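*Asks:* Protein sequence lines correspond, in order, to chains U, F and D.
The first sequence runs 1 to 135 under this note's numbering.
The second sequence runs 1 to 247 under this note's numbering.
The third sequence runs 1 to 117 under this note's numbering.
Derived by calculation from the structure, the hints in this document are not laboratory data.
Treat the hints loosely; a few may be bogus.
Said to hold, decoys possible - Over 10 Å on every C-beta distance to chain D, these chain U residues come out as not near it, computed from the model:
(1) Y12
(2) V14
(3) K24
(4) W25
(5) K29
(6) A41
(7) M103
(8) R107
(9) L112
(10) A120
What the hints assert, rightly or not - Per the computed footprint, the stretches of chain F lying under chain U, defined by three or more beta-carbons under 8 Å from a beta-carbon of chain U, are:
(11) 117 to 131
(12) 223 to 231
Claimed, not checked - Here are the simulated DSS-like pairs of lysine-lysine, each with C-alpha atoms no more than 25 Å apart in a straight line:
(13) U:K97 / F:K217
(14) F:K115 / F:K144
(15) U:K97 / F:K234
(16) U:K24 / F:K144
(17) F:K43 / U:K29
(18) D:K59 / U:K52
(19) F:K144 / F:K117
(20) F:K123 / F:K238
(21) U:K97 / F:K144
(22) U:K97 / F:K238
(23) F:K31 / F:K144
(24) F:K217 / U:K106
(25) F:K117 / F:K234
(26) F:K31 / F:K43
(27) U:K106 / F:K234
(28) U:K29 / U:K106
(29) F:K43 / U:K97
(30) F:K234 / F:K123
(31) F:K126 / F:K144
(32) F:K217 / F:K117
(33) F:K144 / U:K106
Note that the structure is predicted; figures quoted are calculated from it, not measured.
Glycine residues also receive a C-beta, built at the ideal position from the N, C-alpha and C atoms.
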Amino acid sequence: MATYTEYPPRGYRVRMSTYWWLGKWPYLKFILRELSSIFVAWFVVETLMLIKALSDGLLAYAEFQQFLQNPIVVALNVISLCFIVFHTITWFNLAPKAMAVRMGGKRVPDVLIAGPNYVAWVVVSAAVAWLVLRG
Amino acid sequence: MADKIALEVTRFSPERDKEPRLATYEVPLRKEWVVLDALNYVKDKVDGSLSFRWSCRMGVCGSCGMMVNGEPKLTCATFLTDYAPGPVRVEPLKNFPVMRDLIVEISDFLAKLTKVKPWIIRKDEKPLSEGEYLQTPEQLDTYKQFSMCINCLLCYAACPVYGLDPLFSGPAALALAQRYNMDSRDQGTDERMDILSQHDGIWGCTFVGECTEVCPKHVDPAGAIQQYKLTATKEWMKSMLMPWKGK
Amino acid sequence: MAKRSNEPLLWVLFSAGGVVAALLIPVNLFLFFLAFPLGWIDAPTYETLLSLIQHPLGKLYLLVLCTLPLFHWAHRFRYTLYDGLQIKHLDELVNTFCYGGAIVGTAVAAYLIWRIP
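Just chain U, with the same shape it has in the complex (with noise of 0.2 Å):
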C-alpha cells in the first residue's frame, strides 16, 4: 500500500490538452487578444522602419512606400488593424474591472469608467491626425 502523504498524489489527472483553448468560444477570444500582442510588435518595428526610411532620405522613404504598398504587407497591417482595435476594445472594457472605483460609498458602473476612455481615445486619434495632415 502507498504510504500517507499530507497531499497524496492520489485521484486521476488529465494533462490539459495544448489546444485547450479552441474548446470554448471565451478561451479562444482570450488567446485572440492575447495574440493581438503580436500585432501591437509588428506595428512598432514597422515604424522603426518608417522612421529610419525618413532619416535615410526622399528615396529611401519612397522605397519604403513601395514597400508597404506590397499585398503581402498591405494584408498584415490590415490584419494587424483588426487586432489591434480588438486590443482597444477589450482593454477599455476590462479596464474598470482593476479600477473599482467607488464615489459616494457606492461602485460607479463600469460602463462610465469605460466610456470616458472611448472618449480620450477618439480625441487623441483626432489630434493626431490633424497634426499630421494640417501640413
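Based on these hints, arrange chains F and D on the given structure of chain U.
*Replies:* Then chains F and D, alone, in the frame of chain U:
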C-alpha cells in the same frame, strides 16, 4: 416533451479501472428536476455505487459542482429540461484529480485557501469591554461581493491557468484574500501581501475572466484579482520609492 | 518574510504599454501604413513628415510609441507562451526572449530616434 432523458455519467473506480469511462442511464425527465435529482434517481433506483457530493440542494453549500455538458455548474441549480432531448453529460469538476466517479480531490484548493489567511488579522486586539469592531454599510459594501463565495470551485474548473500551472492560487482563494484585505476591521494586508506577491500567487492570472462568468454567486473573482494586482503594485512602488517606511 | 516578487514592475510596464497601444496605435497604423501608402488619404510630403519627427515633441512621441508597447508585447507574449505552448519550465528562456527583446527594441528605437537628422 419526452418523459425520459439519457444521462451520461463518468464512472471511475480506482481499484478496478485504469481510467474513467462514461456510463449511460435513462432517467425520468421531470419539469422541476435538476441534474442532482437525476443523479440521486440513478443512485436510488439503478446503481447504488454511483458516488457524488451534494448537501443543501439549494445553491449555498458549494458541494455539488460538476461539469454538465462541458460547463462547470452546480448540479442542484441546473435543470434537466434545459438539456432536453439530451443526452446530458455529467463529469467531475475539471482541473482536479478524480478520486472516484464524480468526486474530485480538492486538498490543493484547501491548502491554497489556508495560505492566504482568510480570516480577520489584527495587529492589536480591542479588549472585550470596548465592544465590537464597528463597520458602516459603505465599508461593508466594499467587500461584500467577495464574501459571497461558497467555495464551490466552479471558478477553478473554468480557469485555464489553474489547469496549466499547479502553483497558481486560483480565483476563489484570491477573491477571499481580497475580501479580507478590504474588510475595514482587518489589519492583515501586509501579511497577506508577502504570500500573495510571490510570483505564483496572483501574477499567473492573465485575466481570462471565465471564473467570473461561471460563478453562481456573482463574486467576480477576476475583478478581485485585478484590483489586488493594482494594490500590490502600489505597495511595491511605495517600497521601492520610499524604502525607509517601515511596516 | 520571503522576498516580494518584482512582477509589479513588469505589470506596470505591460499596463502602460497597453494604454499607449490602445490609444495611439490604431490611428498611427491606419494613417501611415494603410491610408497614405494606398492613397486613401493624401499623404503629407516627405518634408512635412521629416519636420514632424525632427521636432523634440515628435521625438518624444515616437519614443513612447515605440518602447512601451514593446513591453506590453513582452509581458503578454510571455504568458501566452506559458499557457499556450505550456513551456513554463523553459521560463528563463522565455523571459530572456521576451523582455530581452523589448530591451533590444527599446535600444534600437532610441538609436534610430537619436539618429534623425
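*Asks:* So, for every hint listed, does it hold in this structure?
*Replies:* Evaluation of the provided hints:
no.	hint	result
1	Y12	holds (20 Å)
2	V14	holds (14 Å)
3	K24	holds (14 Å)
4	W25	holds (17 Å)
5	K29	holds (14 Å)
6	A41	violated (4 Å)
7	M103	holds (22 Å)
8	R107	holds (21 Å)
9	L112	holds (18 Å)
10	A120	violated (7 Å)
11	117 to 131	violated (count 0)
12	223 to 231	holds (count 5)
13	U:K97 / F:K217	holds (17 Å)
14	F:K115 / F:K144	holds (21 Å)
15	U:K97 / F:K234	holds (16 Å)
16	U:K24 / F:K144	violated (31 Å)
17	F:K43 / U:K29	violated (39 Å)
18	D:K59 / U:K52	holds (13 Å)
19	F:K144 / F:K117	holds (18 Å)
20	F:K123 / F:K238	holds (21 Å)
21	U:K97 / F:K144	holds (16 Å)
22	U:K97 / F:K238	holds (23 Å)
23	F:K31 / F:K144	violated (35 Å)
24	F:K217 / U:K106	holds (20 Å)
25	F:K117 / F:K234	holds (21 Å)
26	F:K31 / F:K43	holds (20 Å)
27	U:K106 / F:K234	holds (22 Å)
28	U:K29 / U:K106	violated (31 Å)
29	F:K43 / U:K97	violated (43 Å)
30	F:K234 / F:K123	holds (22 Å)
31	F:K126 / F:K144	holds (23 Å)
32	F:K217 / F:K117	holds (22 Å)
33	F:K144 / U:K106	holds (12 Å)
Going through the hint list in order, the structure does not satisfy hints 6, 10, 11, 16, 17, 23, 28 and 29.
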